[in-house]
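Chains as they are written, first to last, in numbering that gives the first Met the number 0: chain P, 0 to 547; chain F, 0 to 159.
Derived by calculation from the structure, the hints in this document are not laboratory data.
If you're wondering where the values come from, they're calculated on a predicted model, not measured in any experiment.
Cβ atoms here follow ideal geometry from the backbone N, Cα and C, with glycine treated the same way.
Be a bit skeptical, because a hint or two may be false.
As the list claims (entries may be wrong) - Examples of chain F residues toward chain P, derived with CB under 10 Å: (1) Asn24; (2) Ala27; (3) Gln67; (4) Gln96; (5) Phe127.
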Amino acid sequence: MLKSLKSYDDLVSMRKSHDKKHKRDTVKVSICMTGCRALGAEEVYDEFRKQIKKQKLQDKVEVIETGCQGLCARAPVMTIEPPGVFYGRVTVDIIPDIISSTVLKGDVISKLCYAEAGKKIPYLKDIPFYSKQKKIVLRNCGVIDPNNIEQYIARKGYEAFAKALFDLEPEYIINEITNSGLRGRGGAGFPTGLKWEFCRKAKGDIKYVICNADEGDPGAFMDRAVLEGDPHAVIEGMLIAARAIGSERGFVYVRAEYPIAVDHLKNAISQARELNLLGNNILGSGFNFDLEIKMGAGAFVCGEETALIASIEGKRGMPRPRPPFPANSGLWDKPTNINNVETFANIPVIISEGSEWYKQLGTKNGTGTKIFALAGKVKNTGLVEVPMGTTLREIIFDIGGGIPGRREFKAAQMGGPSGGCVPAEHLDLPIDYETVKEVGAIMGSGGLIVMDSDTSMVDISRYFMEFVQDESCGKCVPCRVGTKKMLDILTRITEGNGCRSDIEDLKEMADVTKTASLCGLGQTAPNPVLSTIRYFMNEYEDLLKTGS
Amino acid sequence: MVEKTIDLRTVRKIVSEYGNDHDSNLIAILQQTQGEYGYLPKQALKEVSRLMDVPLTRIFGIVTFYSQFTFIPRGRHAIKICTGTACHVKGVNEVKQKVKEQLNVVEGETTADYQFTLETVACIGTCFLAPVMMVDDRYYGKLTTDTVMDIVDRYSGDNA
Ligand SMILES: Cc1cc2nc3c(=O)[nH]c(=O)nc-3n(C[C@H](O)[C@H](O)[C@H](O)COP(=O)(O)O)c2cc1C
Ligand code: SF4
Ligand code: FES
Ligand code: FES
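For reference, chain P alone in the conformation it holds in the complex (with noise of 0.2 Å):
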């Protein structure tokens, strides 16, 4: 059981008190225990401590389980350190090989570092997947463990809260993130301390906080490892936020495919409970504030913030008009204050490190930086986080390590259904909100697919055009209709029986959804379809040949 803390001094206290205990000559080992399940991190791990106890050689080393460590392609993957070395590929029976080796000698296992251009690289601050990235969202991420308070407090974890609590106006909060530039991260790019201006000053005296963590791109997994792996960072940013606006009550609304990352939130609010920093005088300040979690049922649609309103009051999930906003008429009619998760998460940063710090990364339309879930057909597949402006040649390729085998770049899918394919054309690019818009993609959520020559275009549109049809929730005609119109014919094309005057059709039914539909997802819908025919026309073109 936590002791619970009743002060800002007391928090302060127990973050020094843990850093006197953890002085101690101890090899730490880090093994991911979220992501990297899926291929047997488990089995490692509890062989580990096994062998750990069986060796006796519990006072020298801590093993702890992580989140995310960024370089999932990898998995399952373990940091040593000290020396400091980063291992992929871990088998159980290599264990007592690493425990002699590793962590008793400080010597390298050479089969289970990273490579590139066929040379080892033993040393994760020496990988350039790790030296060429910025992190400040995933600052704890796959370095603590997320299931245990003490060690997000040790890393001064909510004190940017207490500062928010006991030495901030709500007024200066605000100020604050508006002129750090911060924009939400779940998609639009609108400007969080804007919208949490709306929320304050609108009237009423309930208001509620919620987090959004749907997170229903296909192809992105950045709200989950952050949420896995640092739960406690996305509540204290909705402390924060619910200090800014007066709010007593906040939801996490996560999706149902996310059993690691409820697990660990769950864990996280319980001893956050425990501490006091969540339920009522919170640090003794007299100040309310408590979080419960709601689990999506599997719609996508469910992303959009009226939708997901909807949904936790318990109704169908349908998008409505806006406005009001949610930030005047939220859930229950009340001002509502959402965000995203890895807005909230850059919300302690900026207010412990200062706005004019967090506003020299990044670029003038984007501060800060941007996390990516890097997939498809790239070497490291994984989690990155850079300053915005970063290029996508930077990305998918200094970080990235490139497309593997002999197969060249074709496009990077970003933005999900919602988004475009990028072309190499495009790879020096400084990517923020903007210039992804121009290129006729969107900056999204941060999911990023790499796609390679093999990869057919004319079925990629089809392929998102199938998932928004599926997924429209069908309120409004343009986006049922015109999306089920458009996919009829791009299954035409792909199957080879299309013509010449489909590409037109496309185009016009295109410009009808983005006009005419209620919300987002079939204002977005024709995206991706729009923008493999502005750079890969030929592709299409190749398909109507072979047809009639």
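Starting from the known structure of chain P, arrange chain F with the ligands on it as the hints suggest.
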């Protein structure tokens, strides 16, 4: 089809745990009800409607809207194959085909012995190990037509 009678005590307990005053808990109640029975029996839905004083049509409206809910009894284990973008470009279709052939079901169906229900889902956030699937609450990555059935077979013997 005539439904076999079910033990309504289970659903009554779920509703009483949530309390019957907040219909905002409806989705959570239905999720737990499905978790207990393996599907949503009509009798259980009627009981929820009665206890919570919510029209049955509204409950049906919710159940038909969210793809997670089902009126049909499911197998002991749910196999969810990811058909998201990353898995799509990494060739999940062949893996899916293999499972369909081996279990002799199509998407959404349950095997004759009620051991497995096959579902597809667009992304389970494990794209870095594509192609992937979940069996119940566990993730499995880097599937090939060779490995996928080994994993499925691990679940074929038990009755849990
Ligand atoms: C169809 C659709 C799906 C969406 N899915 C998500 C999602 O999964 N996660 C998310 O954070 N935002 C999603 N959004 C955006 C939300 O409506 C909303 O803009 C966002 O949660 C606001 O948070 P932010 O300002 O921090 O980005 C979606 C929007 C649409 C139209
Ligand atoms: S645009 Fe599509 S998803 Fe959005 S409300 Fe209309 S039918 Fe539903
Ligand atoms: S999930 Fe294990 S390193 Fe990313
Ligand atoms: S696309 Fe398959 S897990 Fe994301």
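*At a threshold of 10 Å, is the proposed contact between Asn24(F) and chain P supported by beta-carbon distances?*
holds, 6 Å
*Would the hint on Gln67(F) stand, with a C-beta cut-off of 10 Å toward chain P?*
holds, 4 Å
*Status of the hint placing Ala27(F) at chain P (closest C-beta pair under 10 Å)*: Since the shortest Cβ distance to chain P is 7 Å, the answer is holds.
*asked:* Next item in the hint list is Gln96(F). Is there a CB on chain P closer than 10 Å to its CB?
replied: With a minimum Cβ separation of about 16 Å from chain P (threshold 10 Å), the hint on Gln96(F) is violated.
*asked:* Just to be careful: measuring from the Cβ of Phe127(F) to every Cβ in chain P, is the smallest value less than 10 Å?
replied: Since chain P brings a Cβ to about 4 Å from Phe127(F), closer than 10 Å, the hint holds.
Hint 4 from the earlier list is the only one contradicted by this structure; the remaining hints agree with it.
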